[in-house]
Structure formats: C-alpha cells, structure tokens
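Novice: Residues per chain are reported as follows:
There are 2 protein chains.
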Amino acid sequence: MSSDVENNKPLWNNPNGLKPSGPLGRDVLAVERQKASFQVDVMTDYLHGGKEIAERHRQIAAVLASDEKLCKDDWHFQSRETKFKGAMMRINHLITLKKSHGWSEKEFWIAMEVLDEFGPTCLHSTMFIPTLEGQCDDEQRAEWLPLALNFNIIGCYAQTELGHGSNVQGLETTATYLPESQQFELHSPSLTSSKWWIGGLGRTATHAIVMARLLTKGKDFGPHPFFVPIRSTENHHTFKGVTVGDIGPKGCYQTVDNGFMLFDHYRIPRKNLLRRFCQVSADGTYTRSLSEKLSYGTLVFIRSVIVSTAYRSLARAATVATRYSAVRRQFVTREASQDDPFAPVTEHVETAVIDYPIQQSRLLVQIARAYALHFTGLAMDDMYTSLVSNLANNDVSNLAETHATSAGLKSLTTDMTMAGMEDMKRACGGHGLSKVSGLVEACQDYSPQVTYEGENYLMNQQTVRYLVKTYGDMARGPATANTRTVEYLRAATKPKYLQNRWKVSKAEDLCKDSQALAHLLAAFEQRAAALVAALAQDLATKNSTWNKSLVRIHRTAKAHCQLVMVQNFSRALNLPAEHPAAAPTPMIKDVLFKLGCLFALSMMVENIGEFLESGFMSIAQAQLVRTASDDVVAQLRPDAIALVDAFDFSDYHLNSALGRYDGNVYETMVQWVSRNPLNLEVNSPVIDGYEQFYKPMIQGPRPTGTETLQARL
Amino acid sequence: MSSDVENNKPLWNNPNGLKPSGPLGRDVLAVERQKASFQVDVMTDYLHGGKEIAERHRQIAAVLASDEKLCKDDWHFQSRETKFKGAMMRINHLITLKKSHGWSEKEFWIAMEVLDEFGPTCLHSTMFIPTLEGQCDDEQRAEWLPLALNFNIIGCYAQTELGHGSNVQGLETTATYLPESQQFELHSPSLTSSKWWIGGLGRTATHAIVMARLLTKGKDFGPHPFFVPIRSTENHHTFKGVTVGDIGPKGCYQTVDNGFMLFDHYRIPRKNLLRRFCQVSADGTYTRSLSEKLSYGTLVFIRSVIVSTAYRSLARAATVATRYSAVRRQFVTREASQDDPFAPVTEHVETAVIDYPIQQSRLLVQIARAYALHFTGLAMDDMYTSLVSNLANNDVSNLAETHATSAGLKSLTTDMTMAGMEDMKRACGGHGLSKVSGLVEACQDYSPQVTYEGENYLMNQQTVRYLVKTYGDMARGPATANTRTVEYLRAATKPKYLQNRWKVSKAEDLCKDSQALAHLLAAFEQRAAALVAALAQDLATKNSTWNKSLVRIHRTAKAHCQLVMVQNFSRALNLPAEHPAAAPTPMIKDVLFKLGCLFALSMMVENIGEFLESGFMSIAQAQLVRTASDDVVAQLRPDAIALVDAFDFSDYHLNSALGRYDGNVYETMVQWVSRNPLNLEVNSPVIDGYEQFYKPMIQGPRPTGTETLQARL
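Those sequence lines, one after another, are chains A and B. If you count the first sequence from 1, position 203 lands on 203 in full-length UniProt numbering, and the numbers rise without skipping. If you count the second sequence from 1, position 332 lands on 332 in full-length UniProt numbering, and the numbers rise without skipping.
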C-alpha cells in the first residue's frame, strides 16, 4: 500500500456536481460581514501596528501561497516520514526565497508563521541563534553567528536530558577541562544523562549548544553552555564519540526530528565554552566576568516570545470555529433564528450554530481572549525591550519584575491558549476532529508550550516568590524597585483593606465602557491582593510552609496574572490619542471595550468563588456578573465574523476546510478527501489486505442461526 | 525512505550498558507498594466484581500478550496505512482466537479492551449488532444476526451526514418506497446529505444500517433504519449506485476507516426496513406497530456503554502518571522528601515528583474520579438493565429518568474523563507528549466521546428538561413516576428551602467517613436543587426563555450529574454487608471513603462559587473545603501506587514506557526508541534528503561576517 499521494487518480470527486442543501456558506458569510459595527481593515491595521505592516504580512503570505513547492494540499494526508522529508525541502526553499526576496530576519519569521510548520531548523532560529547572540563574547559571535544566520551551520539547543527537564541544576552531562590539551571532554555518565527531546538534533543539526556541568581543577561549577560540532559539514556523518538519533513520533511536531545524544569522552577546544559571562583560562582557572543575572535575558526572551505568540494561535482557532459556526446549521429553533434572513419562519431551515447563545458565548469568549493576548503580548515585548536596554548597561533593576511577570504570563497565556484552542476545535463538532479542520495539528503543535521552557505549575512559583517578597517590602515601608504591575499590592498592606466592597449595582455597569473595565479591574486587584497578603502572612507567621502551600501558590499566581492581563487590556484602550500608532480610533474603540469587559467577565465567571471568598463581591453581584457576561456576548454577536476577519489569516495559512474565508466548507471537504491515499486507485477496487484478512472471515463457514443466537442469549 | 520498521538493524541500543543515575524505578515502586493500607488483590477483585472475573481478565490479557501476531512493539512508530493494515490482520486474528478459546461475547469484549485498538470492525460490534438486536423483528434477526455475529457480514452504522450530526431529524438521505417493485430507493439529494464519519464504512463493511427518511405515498415519515448491502460478499466490490470512500486522517482512530457514502437511486428490497417498530406494506401503507419510545432503548444502551467504560480510560491514564511520578525526580526539596528513604538529607538525590503536594493532588483527584466513574458505571448498567426488562413488557415508566440520566452522565463522565486524561498526560511532563508514554493515542482516541452520540452541551438540555418538568410535578403535588435520582428536588419545593445552612464546622468533618460523605452529599443536593428551582421558576414566569437560558442549563445539568455521581459513590459504600459481591470489605472501606470524600471535594473546589451562591455554604466553610481537600490528599498519598495497581492493567495493555509495573522507565524508553524508523540503517549514515536539501545550504557560499551581522543589527 502506498503511504502517500503519488500519481494515483482519485476514485471519486463529486461526480454528480451535488450542492449543499442549506444556504451557501458564501452567502451566509456575506450577510454576517454586513452586520459589523466597524471596518475590518481598520482593526487589522490596528492589530498589526499600522497599515504598512499589515500589507507586508499579506504580501509575504501571497508569495508562499502561490509557490508550488510550498503547496499544502496533501499535508493532511501524509505519513510522518514523507512530511519530514517535505519539511527539509520546504525550509531549504524558504531560505532561497528569503535571499531572492531580500527578506529581513523579521520578514523571514512572518514567512515561517504563514508556512505554519515546525520544521527541523525551527530550534536553529528560535534557540541556537539567540543563545549565540546572548552568551558568546564578541570574538565567538563574529566567528559563529554569520555562519548560523546563513545556514552554513545548522544548530540545536541541547539542554533537556532523559531524566532532567525543568531543573537545569540537576543536569548530569559533564564537560571536564583537560589543561594538558586545552580541551573540554564531554561525557554522559548515565542513561538519564542522555540529551533528549532536542529539536533538530535527531537527523539535522551540524552543531549543538550543549548545556553541561563545567568541571575544572576538581570543582563542579554547574551547567554551562558549550558550542559543540556533532556532524561533519563535509558529509553530515556524526563524529566519533557522539551517539545521536531521533526519539520517535510524538503527539506534536511531526516534522521536527527531536533527538537524543550521548557523549563518550568527546573532546572540544577550550574556546568552545560560550564566554560572555565566564572563562576558563589555559591552566583551568574559572573566572566569572559578568553577573550571572545578566544571562537571564535569554530566559526572559524565550518566555516573552511564548507570551507574545500565543495570540496568533488562539486567534487562528477562533477564526476557524467562528466562520464554521456561521455556516453550520443544526436543529430548528425559531427564537434563535429570529434575525436570520436565511431562515424564514415558513420554512424548515435549520438554525445556524452561531445563533445559539451557548455557542456564541464559547466563540466570543475565545475571540476576546485572543484580543487580550494580543495586548499582553505587546506589553510583554515592551517589558523585554526595556530589560534588554537596562541589561546592556549592567542595570538589573527591572530584572526581578520582568522575570516574575514573564514566568507567570508564560504559564497563564499558554494554559489559556491551549484550553481555548481545544474548545474551538470541539466547538466545530465532529468535523473538528478531522485533519481537514486545520485544528488537529494546530492544537497538537501548540500542546508542548504548557510544558517546555518551564512547566506551568513551576513557573507560577517564581511569580509568587516575587509577589510575596514585594508585599513584604511594601508592608515594611515605601518600596524603591520597579513595581508597575504589582503596585496594587500596596493597598493590601493597609489595615481595613478586607472591608472594601465592590461598587457595582447593576449588570450594565460591567458591560461596555472604560468605567466598566475600571470596575472589573478593581475586583481583580482586590482578589489577587487578598490572596497574596494572606499567603505572605501565613508564610511569615509559619502558619504554613512553601511546600504545603503549592496548590494555593498556583491559584495566587493565576489571580495575579489574570489581573495583569486585564491591566494590559485597559491600558491599551485608555492610551491617549496622541499615541497615533497605538491608540485605537473611535470607530473600533467601542467594540474593543466590549471585548475587554467580556474578557474580564469570562475569567470572573470561571473563578467566581475566589471573588466571593475575598468578601469584595456579594452574592447578588455574582449574579450581575453572570448577567453582564450574557449581555455583552449578545451585544458582540453581530461583530463576530468581522472580529475574526480582522486577524487577517490567509486561507493558505489556515489550511482548513471549515475556516475558509469564502465559507465553502462542504465543497472543500469533499474535494480534499478525494486526495486521501486510502481512496486512490492503488487501493481500488478493494483494499490491500482484503484477500488475506477480510475474505476468510466473510466467506468462512456460516453458522446455523440457532446455534449462535443461543450462545448469545 | 522506508515508512516502517522492516528488517533494518537499529543503529543504537545503549551500547555502553548505561544505567539511570537515581534510585532505580523497580526499587522505588517496591517501597511504594509496601506503604499501602490494603491488599491490592482485594481491591482488584472488588472492582471486577469477584475474584473469578478478575482472574479471567488476567488470563485473556496473558493470551494476547504472548501472541506474536498481536505484539505492540512497533505500534508507536507506524504510519496510518501500516497501522490500518495491521488492524485488519489483528481483528481477523482475534476472531480466530475467540473461536479457538471458545470466548463468549463478553470475553471477546475484554480481549478488545486489552488489545486497545479501535479497529475497522469496532462499529460492527458496538453499533451494527446492537441495532440489529434492538430494531429487527424476529424474522430479520434470525436471518441477519447469526451472520453478523460470525463476521460473515461486516456492518457499520450510517447515520451522521456531512451537514447533519446531532439532529437526526435533519438527515437528508431519502428511502422512497416503490410499490411497483416493492423496493426502497435510497438517494442522496445534496452534498450535505453524504453519509460521513461512518466507522468501518471507508474500506471494510459489506453492509450498513442506513438512517434515511422513509417516503411512501407522498408522505415523509422521517428517518428510519434500513439494512443495506454495500459491498459484495463475493469480491468486496462496491455495488453500483453506491459511492464510498475513507474520509482521511483524523486526530483519533488511525486504525478506523471512517467513511463517506452517497446513493444514486440505489434500490433495496422492502424487507430491508428494520421492522420491530413499523412496517410498510406491499402497497406502501405505513404502520407503526409499537411505540417509538421503545426504540430509545438502543440510544440509552450506547450512552450507558459510554458512561460505564469511562472508568477504564481514566484509570489507565492515572496508572501511567502515578507510577511515573513515583519514579521521576526533579529538584531537591528537603521538606517534600522527608519520608523518602532514597533521599537521605546528606545527599543531593532529587525529590520524587509524587512528593510535591500539587502533583499529589492532581494524581489523587484523578484516581478518585476513576473510582467514582466505576461506581457510576455500575449504577448506569443497573438502570439500563432495569429499563430493558421494563421495555420488554412495553413498560416505559422508568424511560424518562433513565434517558435523562444517561444523557447527562454521558456528558459529565466524558468531559471528566477527557479532562482527566489530558491532565494525567500533562502531569508526565515532556515525556507525556512522546508516543512511548502510551497516553498520546489514548487521549486522541478518547477525544471523540465528548462529541459523538450527542454533543455534550446538547445532551445536557435533555437532562434539564426532565429536571424542570419533575420539579414542576413535585411542586404541584406528590409525584408518581420513578424518581430515584431526583427525589432530592422535592425539598426545594418547600417554602424555606433557601434558608438551609450547611452543618459543617471543621475540615475533619469532610475527610474520611460515611458521615463526611453525607455532609458533602447534602451540599451537592442543595446546590443542584437551588439551580433547578430557580430555572424552573424563571421559565414558568416567563422571566427567561429556554434559548436564553442555555448557559445556565449547562451549569444546572452539571450540578445535577455531579450530585448523581456522589450519590452513586455513597450508595455503593453504604451497601449493607449482606451484599457480599458488591459491598466493600472492611479492609478497603476506609480508603474508599477517603476517595469518595476527595472526589466530592475536588468538584466542590472547582465550583465553589455555585455552593456559595446558593447561600448554603459560608465563606468560612469554603475555606474548610479547601483545607479538607489538601488533608485527604495527604492521607491518601501512601496508597497512591496501590490504588492504581488495583486497576490491574497489564503492561501489554498500557504499552507505555512511563507506566510500566516494574518502573523501568528510562531503560524502556531507550530500548523502544531504537526501533524508530528514522534511526534504522536505511537512514544511515545520513538521512534521505541530505544531499538535496541540507548539503546545498551547509556547503553554500559563506558570508563575510560583517555583512550578515550588519544586516541583523
């Protein structure tokens, strides 16, 4: 049986030219688009940070979509091995395009997003190059970085080991300095020390940044990064002393060769220790040249990238589910269909799924979250940029806050995005599970983000350590450090803080404008501050220990980071008009405020117990929250399609039969399925295996009816 | 590139015989097993309903594990096409084993569970045969059922269409009666009428039960089931007038050929309408012979199977995650390791992940849920059995309650199981994402259950309709219908109901015994009753409409069904000792009560807002709930491994490197990975594609350093 589409003719492709029975998707979406309260391109330009950038995105997407080598038509039907070889070809081709079109690095990243394939060189771009940039000294950068940027060497980042993930200090691989030959000897002392999960290592990389314990003069200085050649740039053979392979299929990343690696007394030159922060002299003396803290920049960089890219992942899933929910119809419910021009009361046209309030709520909550993730991504980028410029001046004053914020937001935004993508896939009903939905692999490929670069539960501890410390500092007196995101904690150091009550008396107070968002923000502040203050007090009075409080710590981090996201949403919308690039124009401001309210309300509904427990919110107000949430969903309903259109994903990017811009869902599904290998001539007229396995059963001896029936009764 | 493991020699398999660095998994698990408060086999026998049944399960598992044809070693590394052909072979072989071992149908199902593969004939067993049993008249059953049971015909169940899932009444396929030839003519009038997603239809089935609108004498009688030959039993060719194919890869069921089908004026004999409930006479007169309600039995059957099999799916995921969490170590935390004999304070042995309270809580909550699902599965089976015996006497008195309960429990148990399995996969950290965890495909293959046989949000409406109606009946006077699960609603018809307060004053009241479980039950009753009563009143007073209440309906169904699960747990443990098969022995009663409390507490913590909003629980009591939850987790910790061992999964069944009984996690991972196709000799020394795609980049012109660096800065 052929494992892939070759030159086989499809057996079937809608021979009778049948049409869908209900209103056509294109007509439905056209009507939906007329309902919008704003112009889609205004919102798109705003989200992209300007018309020119938005246009540039579209141009790059168009280049890829029209390139035959990058055609995605068969992707959903390929085996891992075929996909992997295809990914090799495509990354090679994309690099050619980069050169021929003169794309900047930033534009190349846009192209990678549109291609939407985690290929074998992803980690080369996202980890290997940033590490060279951040951890090399000038001489090392000048030697290696140009080769890496030009793909003359292909790198990976080898930190995780078979038995060691989040705890970098527990890594076992050693790099022992040998003064006689001025070399480091890399060695894997145990099975659990095998490098594992390293993207691009399995069959691709020529070089690796290896994190190994630096041993010199009998002393263990802990894990350090080394630049390690592993395959020849002449013939790609693995060097002696290095054992490398692919770790096999995963529930994600079919086109990445995540690999393992063991060293057997493998030597590299002394100069291959990355030297920005420390050196080992010829005689083996270890010296630290700069504070280790300055190296946290790389860590924060990766996390801030994770935070700021979450938006596009959730936006994409929401786009598919929302468009398909407008096209898809199930059951006839007059009340739900009352505004639907395609469902006159005289006919039995089914109700569009998007017109059921519970489906609307699911869709719009995720749309609101995607917008919130966008604003938080921008804020995280700003924080990171400011950190980098400080670190360049050896100033670590905003490191603690940025580190804590990036850790907690990494946890919250990836949890939120993963849950939201899964819900959007599920909101597509059965077809969401088909690969042609474009959401199956999108969800799978997003799933590692909740675990890698710091498991989400662990990350939260870093955030809460900072919150508890800051609260303690504030309780003792005016703090001096940068505390933009945590300034709200100061109120909780005041004596009568827990007697505060929420000033909201009707659902309309929570629905639409700047004032509503301010009310919501106040409730998030009180809830988070109450949790931090209680925890800090219990720890200070030895009423509890850190270890025993882990469940509570997780809740506390979540409460704080949800607040930060509401803050970011609110700050973006309240930017004064003199920020022309960033401030929203009047046309889109109204819908953005509603989204901000829905975003906050949706998290409030999910955690309503904590708001009640803090004493700030009354039982009657909890009911207002639920009512306001339903109301704002209804208000946003007419804008649903426009809000996802504004994300501006191309059909090429989405590669989804359900989420197409033109709404031709069913026609596309039938057309795509004809390319399925199991339907090709090679399997015609009967499937390979029929003679061996089915025929003997079907044509085997027949029972006498009574015998079998009796056995069963 | 070969897509599968053939006779290629592995490139690598731990040549230096390395060992893991920490305490060995087998030693760790041995110590864990000594901690248990009960004998594992006593619990296993209890769960299986007796020692003999438990033993029979083990014998069948042993037959499969020792059979070379059923070896699972390469499963994690195969392409869809290879897997699919393998599945054809295996089902054929399993049927041979059934005959040679003389297995009953029930024993054959045990074997299918152990094989753990959704094969191309799954729907033959789970839908086709039950439909023949439930919907045929005696003559039809005598003719078709023996052939189906003997696999002389292979069937599928063709209901869902491209544009129609949950709404059976919206199906478009027609079956028009032609009196002149005494035939039905099946026809697909539109693209959306294509049958779609039909398991086993793509390339396997010879026959289908087709749900099509019955048209006779110009009248449309709505969807009815027909017995339809689609492929020749002589040569497996598809019959003219039927177009069939496979719908392509999915995010689940790699080894099922879910198919599509279109009819072009395809004729079948009149006698092929399933006739238990209605007939069409030779002249085309339609008569209904029995109430349509009696046919709901099949619907309830499928849902009750879904409810009662959820337990094993969650139990399996909990087994893998719990064992691996005992073996896996991350970070050194003295306080967490204080009871760990492998981590003396003098050494830097990392802390076992299971010793962190938050990980314990995650694991034990899912273990408790698996036990709860077991008890609810038994209760659902009982309800279904009682329904069937009533329906056999044309008695529909318990139909409404059973239908409503099966619908709501289908929704709750599948949501609970899916979320729990995903959390257990995630609790394995990065390795959970590797297919060798055994959880990747387990989660994927479970995922359709939340959607099929009634999307979970829809199901909940059926439950709440029944609750609202029953509440109304009760408010009007003493109800006469069977209302075992909903008797608690009666209290809410009393005037001062909302003034009830919870009688719990310390965390210990909620932790361990029959009394604690009774307290928890009371809170679940009050919360559910308050939601039902408020909804019923709002609907009755036209304060709201059904459509506008959909979000609330979803919450109400969940509250009711969570209560039913707590009821079932409590009833099982409080069975008097004169039920020797079902009542727990004193040895296991204590741990079971703790599990019951944890189960209830875990759902309470997740929904604490609703308990507070009903006014029954105070803010101080909410704090007790959180404390009690942490306490009972700590009490259950020593039993964690024994509790999952008691589920008694064989290693063959789990096919997981992480969840092995012997704890040899790392050795197994390394050994399995050597079978990965990308590591075989065919790809040695360099990967296929290197010459074309990597070499031109790596050996392409090198940049002058300054140029590229400048471009980047």
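A hint or two may mislead.
As the list makes no split between identical chains, a pair holds if one copy fits it or if it spans any two.
[Claimed, not checked] Below are the DSSO-like pairs computed for lysine-lysine, each with C-alpha atoms no more than 30 Å apart in a straight line: (1) K542 <-> K506; (2) K35 <-> K240; (3) K695 <-> K503; (4) K217 <-> K19; (5) K293 <-> K35; (6) K293 <-> K72; (7) K506 <-> K69; (8) K496 <-> K506; (9) K512 <-> K51; (10) K548 <-> K51; (11) K217 <-> K85; (12) K293 <-> K219; (13) K98 <-> K51; (14) K695 <-> K98; (15) K219 <-> K106; (16) K271 <-> K494; (17) K83 <-> K69; (18) K72 <-> K85; (19) K72 <-> K83.
These are computed hints drawn from the structure, not numbers from a lab.
Novice: Now look at each hint and say whether the structure bears it out.
Specialist: Comparing the hints with the structure gives:
In this homomeric assembly, K542 and K506 come within 30 Å of each other (Cα to Cα) only across copies, at 21 Å, whereas the closest approach inside a single copy is 42 Å. In this assembly of identical chains, K35 and K240 lie within 30 Å of each other by CA distance neither inside one copy nor across copies; the values are 66 Å within and 47 Å between. In this homomeric assembly, K695 and K503 never come within 30 Å of each other (Cα to Cα): the closest approach is 75 Å inside a single copy and 67 Å across copies. Proximity of K217 and K19 under a CA criterion of 30 Å is satisfied inter-copy only: 27 Å between copies versus 78 Å inside one chain copy.
Taking the shortest Cα distances, K293 and K35 never come within 30 Å of each other, neither inside one copy (53 Å) nor across copies (43 Å). In this assembly of identical chains, the alpha carbons of K293 and K72 never lie at most 30 Å apart, being 44 Å within a copy and 49 Å across copies at closest. Taking the shortest Cα distances, K506 and K69 never come within 30 Å of each other, neither inside one copy (58 Å) nor across copies (68 Å). Taking identical chains as interchangeable, the C-alpha atoms of K496 and K506 lie at most 30 Å apart whether they share a chain (26 Å) or sit on different chains (27 Å).
Taking identical chains as interchangeable, the C-alpha atoms of K512 and K51 lie at most 30 Å apart only when both belong to the same chain, with a minimum of 27 Å there against 63 Å between chains. Proximity of K548 and K51 under a CA criterion of 30 Å is satisfied in neither setting, with 52 Å inside one chain copy and 40 Å between copies. For the homomeric pair K217 and K85, neither the shortest alpha-carbon distance inside one copy (46 Å) nor that between copies (59 Å) is at most 30 Å. Taking the shortest Cα distances, K293 and K219 sit within 30 Å of each other inside one copy (21 Å), while across copies they are farther apart (80 Å).
For the homomeric pair K98 and K51, the shortest alpha-carbon distance inside one copy (22 Å) is at most 30 Å, but the shortest distance between copies (68 Å) is not. For a Cα distance limit of 30 Å, the shortest separation of K695 from K98 across copies, 18 Å, qualifies, whereas the shortest one inside one copy, 54 Å, does not. In this homomeric assembly, K219 and K106 never come within 30 Å of each other (Cα to Cα): the closest approach is 43 Å inside a single copy and 64 Å across copies. For the homomeric pair K271 and K494, neither the shortest alpha-carbon distance inside one copy (56 Å) nor that between copies (83 Å) is at most 30 Å.
When the C-alpha separation of K83 and K69 is checked against a cutoff of 30 Å, the pair qualifies both within a copy, at 13 Å, and between copies, at 29 Å. With identical chains, the CA atoms of K72 and K85 are at most 30 Å apart both within one copy (14 Å) and between copies (26 Å). For a Cα distance limit of 30 Å, the shortest separation of K72 from K83 qualifies both inside one copy, at 11 Å, and across copies, at 24 Å.
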